[in-house]
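Novice: One letter stands for each residue in the lines below.
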Amino acid sequence: MTITPDLTTRAAAPGRAADARWHDVCALADLMPERGVAALVDGVQVAIFLTHEGGLHALANLDPFSGAQVISRGILGTRGGAPTVASPMFKQVFDLRTGACLDDPRVALPVFAVRRAPGDRVEVAVSDEHRR
Amino acid sequence: MNVGGDATKSVVVVGHGPTGHRLVEALRDGEGAGAWRVTVIGEEDRTAYDRVALTSYLTEDADLAYPAHDDGVEMVTGDAAVAVDREARVVRTASGREVGYDALVLATGSAPFVPPVPGKDLPGVFVYRTIDDLDALRAHCADLTSSRPGTGGVVVGGGLLGLEAARALQGLGVETHVVEVAPWLMPRQLDEGGGAMLRRHIEALDMHVHAGTPMAGLEAGEDGAVARVALSDGSAIEAGVVVFSAGVRPRDELARGCGLPVGERGGIVVDEHCRTADPAIYAVGECALVGGQVYGLVAPCFSMAEVVAGQLLAQAAGTDSPARFEGADLSTKLKLMGVDVASFGDPFAGPEQGALDVTYTDPLAGVYKRLIVSDDARTLIGGVLVGDAAAYPTLRAYIGAELPGSPEQVLFGGTEAAGGDLPGSTVICSCNNVSAETIRCAIRDDGLTDMGEVKSCTRAGSTCGSCVPLVKKLLDAELTAAGIEVSKALCEHFEHSRAELFDIVRVRGITTFTQLIAEHGQGRGCDICKPVVASILASLGNGHILEGEQAALQDTNDHFLANLQKNGTYSVVPRIPGGEITPDKLIVIGEVARDFGLYTKITGGQRIDLFGARVEQLPRIWKRLVDAGFESGHAYGKSLRTVKSCVGSTWCRFGVQDSVAMAILLELRYRGLRAPHKLKSAVSGCARECAEAQSKDFGVIATEQGWNLYIAGNGGMRPRHADLFASDLDDATLVRYIDRFLMFYIRTADRLQRTASWLEALEGGLDYLREVIVEDSLGICAELDAAMDRHVGAYSDEWRDTLEDPAKLGRFVSFVNAPDTPDPSIVFASERDQIKPVLVAGSRLEVAVR
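Going down the list, the sequences are from chains H and D. The opening residue of the first sequence carries number 1 in our numbering; numbering runs sequentially from there. The opening residue of the second sequence carries number 1 in our numbering; numbering runs sequentially from there.
It is possible that some hints are incorrect.
To be verified - Calculated pairs, DSS-like style, for lysine-lysine (alpha carbon to alpha carbon, straight line, at most 25 Å):
hint	chain 1	residue 1	chain 2	residue 2
1	D	K333	D	K473
2	D	K623	D	K808
3	D	K585	D	K601
4	D	K585	H	K91
5	D	K488	D	K472
6	D	K836	D	K808
7	H	K91	D	K473
8	D	K488	D	K473
9	D	K623	D	K601
10	D	K566	D	K678
11	H	K91	D	K836
12	D	K623	H	K91
Unchecked claim - Distance ranges between label pairs, derived from CB positions:
hint	chain 1	residue 1	chain 2	residue 2	range
13	D	G629	H	A27	33 to 39 Å
14	H	R106	D	K836	53 to 59 Å
15	H	E129	D	F828	27 to 33 Å
Said to hold, decoys possible - Partial pick of chain D residues on the chain H-facing surface, computed with a CB cut under 7 Å:
hint	residue
16	R46
17	T47
18	A552
19	G568
20	D823
21	L839
These are calculated hints, taken from the structure and not from any lab test. Don't be surprised by glycine CBs; every beta carbon is placed ideally from N, CA and C.
Between the sequences and the hints, there should be enough to build the whole structure, so can you do that?
Specialist: What follows is the structure in structure tokens.
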């Protein structure tokens, strides 16, 4: 059986939704380069990553293949030029920038806006759509 | 598979040697196997065993038994068939049993030929054919060496079987003489030059060779047992034991008894379908005379078995089988007492057949090579190799075909066959009669990509293994042709194999992934190369696996020092060395599981697994466990898991050594050792093998004298019986051999390659590995030993260290902004009084096969 839930295929437009609001999540120092953390933002689980080059990315923490909230625990890397995270459960690889699954074109993870805020804080924006 | 519930016809197989066994296997594996009810009648008390490897029963205590047939096959053992009533279609046995048949297959094999010389029936005279023969020989030699130390022994027959017997006799502590009627050894396979070179090798092993001197008779001593062998030249050899191994004669008496035609010199006459004059009766193997010839090698015997199985299956389906036996390649390669000997094609063709020969002799190295070629020196007719038979698989494949270069080039190194160029009809694996075309088709049609798959699908390379390099070349050529890159590159970030990366890291002293990928790779890695590099760094001793940059390389299991389960929770396995645990510690595990609400299950490795722990619970769980004296069990790592043990000599009335103490010693020595894949081990306290050590990466079985070491066994998806590596070792030697085995494996294996497939892929196999580990042929044993000593010295419990380090501990949180809030998606239901995970996040996507 192959099911493609709507939720997972639609990438959010980061930060542009009118209802999006920035949430302070943690200090930049709480992030280990090339590793992720999970954050609970308004009831939504977000996986936040810091790349080797210092780039910040935020994706849904829910792994659509296993149904478990584990994306934040994946290994970071690159495929071609794309920065990636591999799900720790069944190892599908996702593009950190777009959430697109590079091993299965039917699937993409929701992407959240994430930014470095004054005081070396990390902030994430979650819209109503994600909260529903 | 249908096991005969609605079988309508019955087939009786008389004789359960390798050929009979293969016949039944082929019959049971085939399409329509259910149509035949199969009964096997064997005169030996035991079922079929590997007669080709008979000598290893004495020299290595090897278990030669073939796998049992499925339950649908009725086995009658220890009861010889004595008569066949062809009219009534009934077989009668010595015990009076009567078994009716619709088809009868005679697979009665052959009996040793004992020449009619005086004294041939004296006590102390043996033949060399069955395990019973070997047991009797061993018992006699044990008596002889204790009561009359220094007494010699004689093997009559300097052919293939005779030299095998000589090796066994020498192994039993008897000074050994080989008497051969012909002027040189192995006269059926070797020419005079090859025979002479072989003789030099054999004599260098302190054996005496008497060639060209027929035996006159055997003489008894005062006790009535054999004491002397008289030769026709008037000389005599003092001998307290004599083994006849001078050829075999077909066991055709059943056929004679029921009036079936037999050959002048024995052998049941059959046609190319292996059918006798009675269409309901077949004969296969060494008892059959096909095309005027009796075959004694295992490969043609197996072919006959397959032919008859094909006939029977076709009959049941109401069709005709095209299967026929078309003669066989009598090429042979074997290792006799460490000497490679090979003979292929027609090694005796001379100028009268339009053949030339090219001969090379190196008396210093003990190498003799002779190629017989057509008179234009382009087509290979046959040849002989002694002392160095590396070129055998390639040369054999070129028999009757045009050589890839001049005979000199072929003899000296230029023998690398481009596997892709071999004609399709070339038989690559002669043991199992597999052609190049069969292998290519299997690779193409079934999408095979590694040697293990090719072996199990086609059987090529699965018997003697000599063709494995050639099969590998075919595989590589086929994959290349299919556009599948035969690359040893680990992933897109490194063009190196794991073994190469290991050497780079080791030799250059690299300690970080960043340095390694900057200097030897590209990009920023992935979930394939990062854990590999993490494992290499850990194997080479770079401190805690969560220290600094290393933490980012770890798979989630290593990152949280626990095993990820399907709902995002983890399981926890404390180490219980050797499976031995005090009641108090057992109670602690129970209390921890109860207090944290964990599901508990006993593992196959004699430990206890606690499931359902959330990330933020792990430190508190481990605090309790560490305080009670537990340490990490490394169930999450590609590292030593467990050393299972039976209860051993302390309690067991059969045990001969303390297996528990040894298991604990080994588990504590190798705990935490990072390897290309997980490592499992077990120690059994006696030959009953209750710990199942022969299914482990390294297994130890107690003997009266010490320990037998088995290596490269595997359970799981592709089970593999471990190989006996060394026998009767003392504790220190056992540990050293395991040290070196593990370190050599860690250095050279591919990513996620268990020891079983590593050994199968290792060029030179078990013999090579023994040379490396026991004889230090690569001169690296000191390094391997030092590396293991470093590992043992530097070991520290990963969980205790983590609990003591706030920085590492800080990562064990559910949410970075709500560290104590449990993941709300983790929900449990109850089943059989314990928790079970419930996934609430919605439907799971089908996982694409990758």
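Novice: All the hints need checking, so say for each whether the structure fits it.
Specialist: Cross-check of the supplied hints:
1. D:K333 - D:K473: holds, 20 Å
2. D:K623 - D:K808: Holds, at about 14 Å.
3. D:K585 - D:K601: At roughly 16 Å apart (the allowed maximum being 25 Å), K601 (chain D) and K585 (chain D) satisfy the hint.
4. D:K585 - H:K91: The hint is violated at about 37 Å.
5. D:K488 - D:K472: holds, 14 Å
6. D:K836 - D:K808: Not OK: K836 (chain D) and K808 (chain D) at ~29 Å, beyond 25 Å, violated.
7. H:K91 - D:K473: violated, 32 Å
8. D:K488 - D:K473: holds, 14 Å
9. D:K623 - D:K601: Distance ~21 Å between K623 (chain D) and K601 (chain D) Cα, so the pair holds.
10. D:K566 - D:K678: Since the Cα atoms of K566 (chain D) and K678 (chain D) sit roughly 20 Å apart, the hinted pair holds (cutoff 25 Å).
11. H:K91 - D:K836: holds, 24 Å
12. D:K623 - H:K91: violated, 31 Å
13. D:G629 - H:A27: 33 to 39 Å: Because 37 Å falls inside the window, the suggested range holds.
14. H:R106 - D:K836: 53 to 59 Å: This hint is violated: roughly 30 Å between Cβ atoms.
15. H:E129 - D:F828: 27 to 33 Å: holds, 30 Å
16. R46: violated, 47 Å
17. T47: Interface hint status for T47 (chain D): violated (44 Å vs cutoff 7 Å).
18. A552: holds, 4 Å
19. G568: Result: holds, 4 Å to nearest chain H Cβ.
20. D823: Holds, because the Cβ-Cβ distance from D823 (chain D) to chain H comes to roughly 6 Å (cut-off 7 Å).
21. L839: holds, 4 Å
Hint violations for this structure: numbers 4, 6, 7, 12, 14, 16 and 17, all remaining hints satisfied.
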